[in-house]
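Throw the hints in and build the complete structure from the sequences for me.
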Amino acid sequence: MKSIARVFALAIASLLAWPLQAQTPRYGGELVFPVPSEPPSYDGHREETFGLIHPIAPFYNTLLRVDPFDKGGTKPAPSLAESWTESKDGKTYTFKLHRGVKFHDGSEMTSKDVKASYDKIIFPPPGVGSTRKGQYVDVAAVEAPDPYTVVFRLKHPSGSFIASLLSPYNFIYKAEILAKDPHWYETHIMGTGPFIFVEHVKGSHVVGKKNPNYWDKGKPYLDGFRAVFMRDSAAQVAAVRGERAQIQFRGFTPAARDDLVKALGNKITVQESPWDCILLVAINHKKKPFDDPRVRRALTLALDRYEGSKALSRIAIVKEVAGVQVPGTPFATPPDELAKVAGYWHDAEKSRAEARRLLKEAGVPDGFSFTFMNRGIPMPYEPLGVWMIDQWRKVGLNVTQRVIEPAAYFGSLRKGEHEVAMDFQCGYIVEPDLDTYKFLSSSRNPANYGYYEDPVLDQLYDKQSQATNVEERKKLVREFEKRVLDEQAHYLMTLQWHRIIPHSSRMHGWTITPSHYLNNTLDTVWLSP
Amino acid sequence: MAASAQTLEELARHAEPRWPWLAAVANFARRRPLGAVGAGLVLLTAALAATAHLVAPYDPLANDYGAMLAAPSAAHWLGTDAFGRDVLSRIIYGSRTALTVGLGASFLGASLGSLIGVTSAYFRGRVDLLVQRVMDVFFAFPVIVLALAVVAILGTGAGNVILAIATPMVPRCARVVRASALAVREMPYVDAARASGFRHQRIILRHMLPNVMAPILIMATAFLGEAILLEASLSFLGLGVQEPTAAWGLMLRGAAVEFAESAPWMAIFPGLAISLAVFGFNLFGDSLRDALDPRLRTQ
Amino acid sequence: MGYYILKRLLAMIPTLLGVAVLIFLLLRVIPGDVVEARYLTQGSQFQSQDLMDQERQKLGLDKPLWKQFTAWMGGLAHLDFGLSMWTSAPITEEIKLRFALSLQLALMASTIATCLAIPLGILAAIKQDTWIDYAVRVFTIAGLATPSFWLGTLMILGMLIIFKWVPPMMFTPLWVNPWDNLALLIWPALAVGYRYCAVGTRMMRSTMLEVLREDYIRTARAKGLWLKLILTRHALKNAILPVLTVISMEFAFLLGGLVVTEQVFNLNGLGMLFVEAISHRDYTLTQALVMLVATFFLVINFAVDIAYAWLDPRIHYR
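Chains as they are written, first to last, in numbering that gives the first Met the number 0: chain X, 0 to 528; chain V, 0 to 298; chain C, 0 to 317.
Treat the hints with caution; some may be incorrect.
[As the list claims (entries may be wrong)] DSS-like cross-link-like pairs, simulated, lysine-lysine; straight-line CA separation at most 30 angstroms:
#1 X/209 x X/114
#2 C/57 x X/179
#3 X/266 x C/163
#4 X/414 x C/66
#5 X/179 x C/62
#6 C/57 x X/201
For the record, the hints were derived by calculation from the structure and aren't laboratory data.
Here is the structure:
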């Protein structure tokens with residue numbers, strides 16, 4: 000009897016232990032994933048495209064990173080820095096680095112490498128490109144008092160400084176190499192990351208293999224990875240469907256997701272999240288009649304965002320109805336309050352009637368025609384364009400679309416000749432400072448394609464940026480939102496993008512975040528057989 | 000006497016049909032059935048384009064979010080697309096875009112090309128050599144690159160697409176027409192015209208051009224099919240006509256490819272439309288060439 | 000004969016020069032340049048004008064046009080294609096793999112086209128104006144009329160749904176892994192080859208019809224010995240020559256012109272490189288590609304002309 004009970008207990012114990020076993024990462028395997036675009040160079044400080052991050056980020060580490068298991072994509076986590084402190088006055092940040100971190104060439108990474116890398120980002124030497132320089136204007140200096148300590152001195156306190164250090168592009172390079180040739184990293188790869196560079200066949204793929212001396216002991220789990228450049232989205236879906244690739248890190252359309260689920264059943268796992276990307280409509284205040292806020296308000300009132308969300312989320316990578324912050328994040332306006340902002344009313348008929356009334360009042364004739372400039376990228380620019388033109392038609396506006404190819408698009412916007420144009424904003428982290436900078440007056444922000452001056456708005460921005468109390472800051476952000484989207488209707492928000500990542504159920508250890516720039520170091524990813 | 004008069008009358012009636020052009024058409028149809036099929040398709044496309052506003056059941060631009068991706072049914076014979084727009088109506092209106100662009104590009108390319116070819120053949124010597132070299136340069140350019148470059152410079156949209164498509168066609172037409180024009184140049188009446196002191200333009204336009212109409216016509220019909228295909232390709236690449244205009248190539252990109260499995264009617268019907276139209280033009284052009292080219296006649 | 004060859008070779012030079020000038024100017028007329036394409040794609044709010052100016056200087060874009068042109072020409076004279084403006088990598092490296100793929104695809108497609116065109120054309124000519132003739136013509140013109148991207152999409156979808164099979168993601172050269180290589184390229188080769196066989200078939204049919212009209216063939220036909228006669232005399236050889244000419248010309252077009260096919264079949268070839276290079280405003284790369292394709296075209300033209308002159312003594316030199 001006793002032996003039977005023992006066997007029984009053992010059986011139960013092993014059954015209980017089994018789910019735990021399923022969670023234990025296994026070593027081995029090569030992760031294959033398609034990347035829609037190829038990076039022009041390897042220098043993270045210079046490039047802005049995800050086409051760089053997806054294949055190249057695994058070769059490097061950053062000082063800090065976003066917690067790879069945080070679904071909100073905002074929690075800072077240690078990376079090369081194992082801990083950090085902030086001074087009382089908020090102007091000094093001290094970071095303690097891990098010891099024993101080795102570059103792929105065997106040399107040790109110390110604070111001078113961090114300093115050299117950040118000097119390149121914040122104070123680039125002439126001729127060296129740094130796209131994120133403007134994010135660090137508050138930084139006075141970067142110091143390396145001892146080999147394992149880095150100190151950042153700021154000119155004044157900034158609530159978003161830590162967030163700015165979470166940028167996945169801030170690869171830590173080797174100081175000696177930068178000293179000899181600051182352009183070396185544009186055409187070469189040598190970092191501290193979990194994977195070592197094997198090859199890049201132009202136009203084809205990038206291969207990385209496991210770094211056996213990685214400083215984070217026990218990681219990575221994968222033997223290697225292969226990033227294959229595939230431009231065509233149908234081919235990417237086919238690759239995942241044919242189980243040649245396990246995941247595509249940018250995002251698939253709802254149709255692709257449904258096809259994959261139907262074809263692969265539980266061999267495919269779908270992760271979804273709101274995306275920190277949105278298309279906005281820039282209304283050129285320099286062109287009549289768009290200098291009249293009534294006309295601009297009419298444009299936003301004409302859009303039934305709720306119906307659009309329901310319909311377009313079936314065919315495009317958009318979904319949530321959003322204000323100036325990604326819905327569900329700390330500073331986003333709750334839906335019932337958002338419903339009071341113009342263009343977000345639940346009663347579409349009332350909204351359209353108001354739009355028509357405003358147009359009439361502003362003297363815009365029925366059937367008034369204007370050109371909407373759009374960017375030549377199919378998803379989701381095209382469906383949003385079709386949707387908006389149809390909505391504007393319903394209030395008597397006759398809109399033709401003029402599509403400009405991506406390379407020339409922002410050049411055209413900068414000329415300021417457009418009437419109404421599509422603009423876009425993608426971030427790596429949800430932060431009001433980063434997300435609302437766009438709406439500042441043209442004199443402060445040259446990338447404001449509405450070409451307007453609004454000192455009240457600028458003031459609101461500064462106040463919220465310096466606010467230390469979270470509730471106070473929320474209130475200010477909401478005021479800002481009301482002014483920019485409702486009272487003045489400087490810009491219109493369309494719909495928040497929606498990130499859909501169907502991936503092979505064999506792949507574990509990867510959590511979706513609102514940004515397709517995050518979580519690509521691949522050190523936590525593992526494959527089951 | 001009366002009997003023979005009657006027979007003569009009967010004979011006369013049979014010899015000269017009432018409607019001579021109808022007899023010619025019937026003859027053509029009987030002798031060249033493929034050409035007749037081609038001509039039929041061409042006429043159908045033209046008819047749809049001309050009467051689109053009367054024939055199409057729905058507004059091709061009207062979004063209907065309640066009927067997105069609907070399968071073919073009594074309400075929508077060919078189904079609806081991702082925005083709930085009726086596919087049949089969009090195909091009918093799409094014939095308008097196809098013909099406008101096709102005819103525009105073909106006409107522009109063929110006329111400019113023939114003018115250059117004939118002029119070059121007429122003047123011969125240095126002028127001919129120079130024009131030939133320039134045409135060679137354009138010839139050596141990949142067709143799609145030329146079209147891409149024109150679109151990059153001028154932008155997208157129907158008018159620019161016509162220019163983009165016509166540009167690679169000019170040197171091809173010039174070369175073919177030049178070959179025929181060289182033969183015409185040797186004709187006695189051209190020499191006579193020159194001797195009479197007629198101006199160059201007059202000789203080119205009045206005497207030479209009409210005599211190379213056969214190859215020009217054949218080229219133009221071939222171009223038309225090619226132009227429709229090229230327009231579809233450019234729209235497919237996103238460089239041609241833009242949304243929300245109804246255009247066959249445009250209907251085949253984006254949602255049509257994505258939903259190809261769950262909603263195949265979006266991809267099948269516009270593709271069929273393009274194929275049938277180009278097929279028709281090619282068949283017709285082929286038979287035209289057979290009819291006009293003496294070497295290929297069976298009789 | 001040697002004089003003719005030399006004359007034709009020399010004639011290529013002004014054409015190539017013309018092509019060079021045309022592409023050089025054409026690219027600079029297109030609005031935007033590589034610096035804008037790199038830094039302004041994300042609409043970044045943190046962009047500085049002097050950074051962009053510095054980049055322009057580094058790439059030599061601020062120099063006067065004639066200087067840029069002569070610098071490029073000078074490089075070409077040494078067969079130095081320079082560096083890509085977008086990636087700063089040597090252009091030969093950028094082109095290498097894509098060229099191999101496009102060349103192989105063009106060869107495969109032309110072979111398929113020839114294999115279809117010759118028998119079909121002969122068949123159609125022998126059975127002129129019968130339903131076989133019509134069937135052949137319908138078949139080949141259908142190939143011409145079907146948009147290649149539509150055919151390609153249907154093919155891939157068909158294979159996916161029916162056979163649950165997906166082509167390989169990457170291109171492996173033929174000598175590395177022939178199975179993977181062919182598994183990727185056979186489908187576009189079929190689609191493209193089918194399309195182009197129409198041109199060859201038409202030509203084959205018309206030349207064959209001419210052959211059939213020869214008196215000695217007609218008498219032989221009456222006697223029933225014509226087939227053997229055609230195959231043994233020079234008749235067939237002379238009939239095939241124009242067909243091969245036409246297909247060779249098409250081959251030259253295939254090299255850089257399969258943009259849509261490459262997109263649909265997800266091939267990393269010269270066509271897609273063209274589109275990317277233009278959209279990046281990568282002047283050096285686009286120029287190099289155009290010169291490459293144009294040279295290829297002219298060389299093939301030249302080879303065809305020489306072959307004609309050699310095989311047909313009537314056209315010795317013009």
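Against the structure, the hints come out as follows:
{"no.": "1", "hint": "X/209 x X/114", "in the structure": "holds, 27 angstroms"}
{"no.": "2", "hint": "C/57 x X/179", "in the structure": "holds, 19 angstroms"}
{"no.": "3", "hint": "X/266 x C/163", "in the structure": "holds, 15 angstroms"}
{"no.": "4", "hint": "X/414 x C/66", "in the structure": "holds, 28 angstroms"}
{"no.": "5", "hint": "X/179 x C/62", "in the structure": "holds, 28 angstroms"}
{"no.": "6", "hint": "C/57 x X/201", "in the structure": "holds, 23 angstroms"}
Hint compliance for this structure: no hint is broken.
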